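**Student:** One letter stands for each residue in the lines below.
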Amino acid sequence: MKTRTAWIAWLLPLLLLGGCRKASAEREVRVVVSGPGRLARAQAFAERLRSYGLDGVRVRVCDAGGEAARLAGCLGGSVALYVTVGGVETRTAVEGGGDVPVLYVGLAASLDWGFVERLSRPGGRVTGVDNNYAELSGKRLQLLQLALPEVRRVLVLYQPGVVPTARGLVSVRGAAEGLGLELAYRPVRAASDLVGLEAQVVETGADAVLLLPSYVLENHLGEVLARTNAAGVPLVGLDADQVRAGAFLAYGADGAAMGRQAARMARQLFLGYPIAEMPVERPQRMTLTIHRGVARRLGLEPDPRTLDLADEVLP
Amino acid sequence: MRRAPWLERLEGRFTLAAAAAGLLPLVLVGAVAWYGLSRSYLGLAGARIESEAARLQGSLDGRLEAIVGVLGEALDATADGAWPLRFAAARLPEVVELQVRDDRGVRARWSRFEVDPVPLPPLARAGVPETWGPVQRDRWGEPQLTLGLARPSGRYLEARLRAPVLWDALVELRDPALHAYLTDGSGRILASSDRVEVLRGERAPREVRRGVAGQVFRYRDGRGAWRLAVARDVDRLGGRLVVEAPVRGLLAPLSVPLWTLLAAMLLAMAASYVPGWRLARSVTRPLDELARGAHELERGRLERPLAESGPPEARATVRAFNRMAAELEQSRLELEDYARHLEDRVAERTEALRLALERALEADRAKTRFLASVSHELRTPLASIKGFASTLLAPDVAWKPEEAAEFLRIIESEADRMHYLVNDLLDLARGERGAFAVRPAPRDAVRLLRELEPRLRRLARGRRFRVRLPAGPLCVRLDAERIRSVLVNLVENAVKYGPVDGEVALELDELPEAVRFRVSDAGPGVPEGLEERVFEPFFRADDATRGSGLGLAIARTIVEAHGGTIGLTREGGRTVAWFTLPKGGCKDA
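From first to last, the protein sequence lines are chains D and X.
Sequential numbering of the first sequence, starting at 492, is according to my numbering.
Sequential numbering of the second sequence, starting at 10, is according to my numbering.
In isolation and in its complexed conformation, chain D is listed as follows (with noise of 0.2 Å):
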């Protein structure tokens, strides 16, 4: 009897030791996403953190399918960190995820969002990489003129409403202005008002049309492109997953790359470093991306040094 009492209150001891090793509590990273047209961030991002093999954490991906209004059903329950892929997702994280940290993947304009104090030293609970579209839209008039010189007119679809769209305004009127390019406009606040773009197009005499970062834009790329090439002008993109769509040239980071370059980030917050204090960072790489076929079902011919500068070309 003695003998078995010393043995358990031996055994007993080591079975806590060995039991008591904390079972890592389950922490939930959401991404939320507005719609397909940045879906191919979310996925690089949730592939590159899964890689890391952190304990316990577990992503998963909420799409919205490209209604806004559905975002906030995304938010809510036990989530550890939100992560978004753009300025609404970010938005409506920001104001109805509680407490959460949220770290973007792919934000245009974080100072003038103001959901960060400085991109050195953010200090709330609001980070990530910052996709710097806004200012890109005039480098991407400049290299649509370089593509196709013989542009002239230029039909700029926005969205108002959404924070980047001034800045990226102004970017495109002062890279027009400089590179001797009109410019045409067209606000989209919806799906809807897609309506009627090629007649815009016909009117204004546009030879090619330009999107600048909108949700609305990007979720609705499709329609875009179809009435882009109803109307016999090329589109140009803000990604390379857009020349893919059927843009003609995209210039900008490219999405899964961000995606990756967010999964460190957010491995970095795991392993305990305060977001308040993590910088935000910009892509690391920006990317030209042209797709000839587009030209050349649209009887256009890039200049082929474009094509030697281009990081990409589809056929």
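The hints are simulated quantities; they were obtained by calculation from the structure and are not laboratory data.
None of these values were measured; they are calculated from a predicted model.
Any given hint might turn out to be false.
Said to hold, decoys possible - Distance ranges between label pairs, derived from CB positions:
no., chain 1, residue 1, chain 2, residue 2, range
1, X, 233, D, 682, 56 to 62 Å
2, X, 64, D, 798, 46 to 52 Å
3, X, 268, D, 798, 57 to 63 Å
4, X, 148, D, 723, 37 to 43 Å
5, D, 682, X, 134, 56 to 62 Å
6, X, 41, D, 518, 40 to 46 Å
7, X, 266, D, 558, 53 to 59 Å
8, X, 140, D, 723, 20 to 26 Å
9, X, 266, D, 518, 58 to 64 Å
10, D, 586, X, 134, 52 to 58 Å
11, D, 546, X, 300, 51 to 57 Å
12, D, 518, X, 148, 43 to 49 Å
13, D, 586, X, 100, 42 to 48 Å
14, X, 233, D, 586, 55 to 61 Å
Virtual Cβ for every residue (Gly too), placed ideally from N, Cα, C.
Given the structure of chain D, go ahead and fit chain X onto it with the hints provided.
**Tutor:** Frame of chain D, contents of chain X only:
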């Protein structure tokens, strides 16, 4: 310093257990093995870090060389406008901005982000083909390298390069446990696998900035953790390339064998401790029991025997202790009992002593009385003898013969009296020392009394004298002369102390084992409580009564010499003097 008993016990047991299990050597071997293994492993890790640093430095130098080469080609080709700059930027993702100028001003510019960038400040100088300028930071906090190239033709190129992108382009650490970064000349981190420290402009630790280039060294980081590092100089940038890793991380692969070893040691300890503990306990338990027992004995009592356990020697010790304790307990109980009864015994002895003293005093008084009585009894006849003798011898008196004869008879009578008295004294003395001689012979007591009756009747002097004797004979072994004297003495006392008109009775009874002689009278007898004392020599209940006081004492001596008893009682208002003699021995009677 005195240590707590429980600590001493614990130490003793643990030491015994550890010694029994051989755990201490196991721990020492484990520690030495771990030390040697970790040292060797860190040595290998240091070599790996050194190799990685050398490889990275080669890549960095190669990349910087390529940048200089590509930008140099662009500079040389700027006659074709801005396109060479655009191509160069396309080939070099770290490029932020490029410009070519000559003595007449900026000839071409290209920016990765802006359409019409602000001209870069001149950096390239004539005669210096390659100039690396100070590190600048953009509004994002990103460090940017500045480079100036100069051609003898007077054409210059200035470039701004994103340091993190430069770094990302070339740094692919083969070992994910390692951490590498690049510093400028001031030690501020330009690029690293951790973008945070770059964007926040953190500085490398002092040890890294001052460490000998190319050698493995160890230092404590800001959190106090040891890190292993190698720093190599990057001459082009005037900074350092550092590859380092936390020692704990480097030793992580050893953690599994370490924990396995620890677990094995723990299990070994657990497995060995139980038998060791039991062994130690088997020795210490009897000692504890002995200590407890000794403590209880010290307090005065051991309520139950100690339990025997452990090895035979310990059991024998406990057994011996129990025996000793039992004997002590018995002794203690006896002492307690002795102490408890000591007072009684003292009281008893005191009483006995007091009685003995009283007896001694009484004996002394008796002796004094006896001497006084003897003196008195002897002096009286002596005085009479002396008086009549002196009277007869008086010279001036001529006594008649009949008067002289009377005087001589008186003198003879007093001499006889003295003679009887001395004989009685001698008999009494013999009786007291057990030397009183009687010569018993079988006699018929009835016949003896019938023969003695006339003499006794004369002694009654006219009082009624009644005799009651059994019809048949009663055979008794007796000295007839001595018994006659006893009966005479008893009858004389009855006559002497009884009333004049009273009756004196002589009776003989047969008892189962003896015969009883009874002489009674109607006198008052002796006072109550003095029935025994009347048999003492010279005792007189009444001093007025004449007599030597030796008769009853001698009677008792005679009776007891026959094996009988004598006594004096009151029965029905009469005083009865009686004595018994054992029956038997009369076959011839």
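**Student:** Using the beta carbons of residue 233 (chain X) and residue 682 (chain D), state whether their distance is inside 56 to 62 Å or not.
**Tutor:** 58 Å, holds
**Student:** Using the C-beta atoms of residue 266 (chain X) and residue 518 (chain D), is the stated range 58 to 64 Å upheld?
**Tutor:** 31 Å, violated
**Student:** Given the range 46 to 52 Å, decide if the beta-carbon distance of residue 64 (chain X) to residue 798 (chain D) lies inside it.
**Tutor:** Violated - the Cβ-Cβ distance for residue 64 (chain X) and residue 798 (chain D), about 36 Å, lies outside 46 to 52 Å.
**Student:** Starting from the range 40 to 46 Å, see whether the pair residue 41 (chain X) and residue 518 (chain D) falls in it by beta-carbon distance.
**Tutor:** With Cβ atoms ~42 Å apart, the hint holds.
**Student:** Kindly confirm whether 20 to 26 Å is satisfied by the beta carbon distance between residue 140 (chain X) and residue 723 (chain D).
**Tutor:** About 51 Å separates the Cβ atoms of residue 140 (chain X) and residue 723 (chain D), which means 20 to 26 Å is violated.
**Student:** Can you let me know if the beta-carbon spacing of residue 148 (chain X) and residue 723 (chain D) is within 37 to 43 Å?
**Tutor:** 41 Å, holds
**Student:** The hint says 42 to 48 Å between residue 586 (chain D) and residue 100 (chain X); measuring C-beta to C-beta, is that right?
**Tutor:** 44 Å, holds
**Student:** Given the hint of 52 to 58 Å, check if residue 586 (chain D) and residue 134 (chain X) actually sit that far apart at their C-beta atoms.
**Tutor:** 54 Å, holds
**Student:** Verify the CB-CB distance for residue 682 (chain D) and residue 134 (chain X) against the hinted window 56 to 62 Å.
**Tutor:** 58 Å, holds
**Student:** Return holds or violated for the Cβ distance of residue 268 (chain X) and residue 798 (chain D) against the range 57 to 63 Å.
**Tutor:** 59 Å, holds
**Student:** Using the C-beta atoms of residue 266 (chain X) and residue 558 (chain D), is the stated range 53 to 59 Å upheld?
**Tutor:** 56 Å, holds
**Student:** When you take the CB atoms of residue 518 (chain D) and residue 148 (chain X), is the distance between them in 43 to 49 Å?
**Tutor:** Between residue 518 (chain D) and residue 148 (chain X), where Cβ atoms are some 33 Å apart, the hint is violated.
Hint compliance for this structure: hints 2, 8, 9, 12, 14 are not met, and every other hint is.
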